[in-house]
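**Q** Chains A and B supply the protein sequences, listed in that same order.
Counting from 1, one number per residue, gives the positions in the first sequence under my numbering.
Counting from 1001, one number per residue, gives the positions in the second sequence under my numbering.
Hint data in this document are derived by calculation from the structure and do not stem from the laboratory.
Where is the CB? At the ideal position from N, CA and C, for every residue including glycine.
Mixed in with the good hints, there may be bad ones.
To be verified - If you anchor each label on the Cβ, the simulated ranges turn out as follows:
{"no.": "1", "chain 1": "A", "residue 1": "Leu-84", "chain 2": "B", "residue 2": "Ser-1008", "range": "34 to 44 angstroms"}
{"no.": "2", "chain 1": "A", "residue 1": "Ile-66", "chain 2": "B", "residue 2": "Asn-1140", "range": "55 to 65 angstroms"}
{"no.": "3", "chain 1": "B", "residue 1": "Thr-1133", "chain 2": "A", "residue 2": "Phe-2", "range": "57 to 67 angstroms"}
{"no.": "4", "chain 1": "B", "residue 1": "Ser-1121", "chain 2": "A", "residue 2": "Phe-201", "range": "50 to 60 angstroms"}
{"no.": "5", "chain 1": "A", "residue 1": "Arg-119", "chain 2": "B", "residue 2": "Gly-1137", "range": "35 to 45 angstroms"}
{"no.": "6", "chain 1": "A", "residue 1": "Ile-66", "chain 2": "B", "residue 2": "Ala-1068", "range": "50 to 60 angstroms"}
{"no.": "7", "chain 1": "A", "residue 1": "Ile-139", "chain 2": "B", "residue 2": "Ala-1125", "range": "49 to 59 angstroms"}
{"no.": "8", "chain 1": "B", "residue 1": "Asn-1189", "chain 2": "A", "residue 2": "Phe-231", "range": "47 to 57 angstroms"}
{"no.": "9", "chain 1": "B", "residue 1": "Asp-1066", "chain 2": "A", "residue 2": "Gly-102", "range": "55 to 65 angstroms"}
Each chain, written out:
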Amino acid sequence: MFGALELGLIYGAMALGVYLTFKVLNFPDLTVDGSFTTGGATAASLIIAGVNPFLATVAAIGAGLIAGYITGLLHTKGGIDGLLAGILTMIGLWSINLRIMGKANLPLLREDTVFTPLRENMLLGTWVSISALLAFTLILKFAIDWFLTTDLGLAIQANGNNRQMIRSLGVNTDNTTMLTLALSNGFVALCGALVAQYQGFSDISMGIGLILVGLASVILGQAVFGSRNIFMASLGALLGSVIYRLIIFLALRAGLDTNDMKLTTALLVVLALLLPRWGFLKRIPSLRSRSNRASSKAPAEPADDPASEAGAQVPAGTVDTPADTPGVPAGTPAKAAGRTAAGTSAASDSKED
Amino acid sequence: MLKIDTISKTFFPGTVNERKALQTVSLELDESDFVTVIGSNGAGKSTLLNTVSGRLPVDSGSITIDGAEVSRMPEYKRAKYLGRVFQDPMAGTAPDLTIEQNLSLALKRGKSRGLGRGTTSARRALFRDELATLELGLENRLKTKVGLLSGGQRQALSLLMAGFTQPRILLLDEHTAALDPQRAALVTNLTQKIVSNDGLTTLMVTHNMEQAIALGNRLIMMHEGEIIYQASAEEKKALTVKTLLGEFSKLKGATLGDRALLN
Ligand SMILES: Nc1ncnc2c1ncn2[C@@H]1O[C@H](COP(=O)(O)OP(=O)(O)O)[C@@H](O)[C@H]1O
Ligand SMILES: [Mg+2]
């Protein structure tokens, strides 16, 4: 249980990275599977080479930034579809990660890691380590919150929200896209570096399927915490990661094998995506609507118009209070439905909390 | 000020779908000129504005703003000269961001964006004052997500965002066409107010001939990628819908959109 909480918080760093691409940039970035391992590999090999574990972790972040930047280059300058650009980097990173590590598995058995102080004092798996990890990941969360509300951060948000508009306001959207991807993968690589040090080894396949873990965390978090603002959305991503680990923990307790966890994760994400279609949990972000949104970038979004006109008929003061809460992304067909369901889902939410 | 010199734009050149959207179009705007643009569907009006804004590259010809050649400049760099409002009320604002965040984005048009706070209290005060001029009560809803506003409110906000940083040129592309008549009238009034307050140099496309006559000091009519009629400041004062229809009927096989005839 404590272990699950610790893991959940550590993986929270990755969830925050996935939040940046998937929610803020509106870009499903598959680089994650590769850059996570890159982070672990970089940190592990540097630590074995005698580098201070904190410096090694910083270097891992740098490697992740570069990985994300490359995906961004392929997508913006190369005009390669986002999914494919991520896959290309991810696959390419496999070889690079092997080069970094020199072999498929690097144990960190007798090495000093960032967790050594906790481990030596028998504090791992206690409230002390959990508090320390919570504090650390909250710092990451607040850093993201702050960044996204700066002038540059607002441009980054707008880039994922209405690219044509922000370009017409003078933003080089190629640059903001690459920057977001780089930052996101910096978080992911940081997570990889921490996981390698926490578990005591780096492995070439440690990143496989992680994008789904990230998505599951972001989606679960949004289901519970909503996304009425950045503060709640990033908190949701972070705590969604913890919830995800607890679900996995319970699934293992219930007798499932660790080998079943990938399938469990996939089913979890599928379920989270299908439930809104069947009328449950309307506030869950709609992955399915991604294609709609992408294709409607240039032309008008006629489906959206009546919805917003309807919104106007509500007296001015009340429009932004209850209707503001649900995390239904604007510009999707589900929007109108989501808004009417807002009252009910908000009510059920307070019970959950 | 703005000098469009013999620009041409052809879509899908050399194919069966070839479309000559602009054919050696030239147009010059002086400081504070407000030119309305009318013409049938597919005449090339939007293409004209899109080549000025850099959304579309020209095939040939030159575009200069304040003497600076901009026709090879990427769209995001030209933004420092231009304020724009699009036909689609959804196009000019970011729906998931709040009113004040959208205004902050517009405030930084064409400037470098750093790590300063996006919404400071000083900016909020400015935004409140600016929003109050719209008389829509939006000044009390700074933290409302723009996606919750009506089309008319969003378009009014877009207009404010385009105009309040005093762009060298304001480009309006049928920005009232998607609104119901009442809201369209509101946005038209705001347009007049914003443009005349700051003496903005403006190029406005409209479907509505009366609006085209009522607003601005000059008028041009386009057809099949060419400017086929121009009314100077003097001529425009005496212009009527009837004259415009007369000009139009001189063209062989030309039919105005039904919408224009109804107006
Ligand atoms: N992006 C585009 N791709 C292909 N053809 C286009 C594009 N934009 C406009 N056109 C064509 O160019 C012509 C002029 O279009 P447009 O400038 O939108 O006309 P208007 O705004 O006057 O109605 C039309 O025939 C239109 O089909
Ligand atoms: Mg048009």
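**Q** Against this structure, judge whether each hint is valid.
**A** Evaluated hints:
no. : hint                                       : result
1   : Leu-84/A - Ser-1008/B: 34 to 44 angstroms  : 35 angstroms, holds
2   : Ile-66/A - Asn-1140/B: 55 to 65 angstroms  : 46 angstroms, violated
3   : Thr-1133/B - Phe-2/A: 57 to 67 angstroms   : 58 angstroms, holds
4   : Ser-1121/B - Phe-201/A: 50 to 60 angstroms : 51 angstroms, holds
5   : Arg-119/A - Gly-1137/B: 35 to 45 angstroms : 59 angstroms, violated
6   : Ile-66/A - Ala-1068/B: 50 to 60 angstroms  : 37 angstroms, violated
7   : Ile-139/A - Ala-1125/B: 49 to 59 angstroms : 32 angstroms, violated
8   : Asn-1189/B - Phe-231/A: 47 to 57 angstroms : 38 angstroms, violated
9   : Asp-1066/B - Gly-102/A: 55 to 65 angstroms : 60 angstroms, holds
Checked against the numbered hints above, the structure violates hints 2, 5, 6, 7, 8; every other hint is satisfied.
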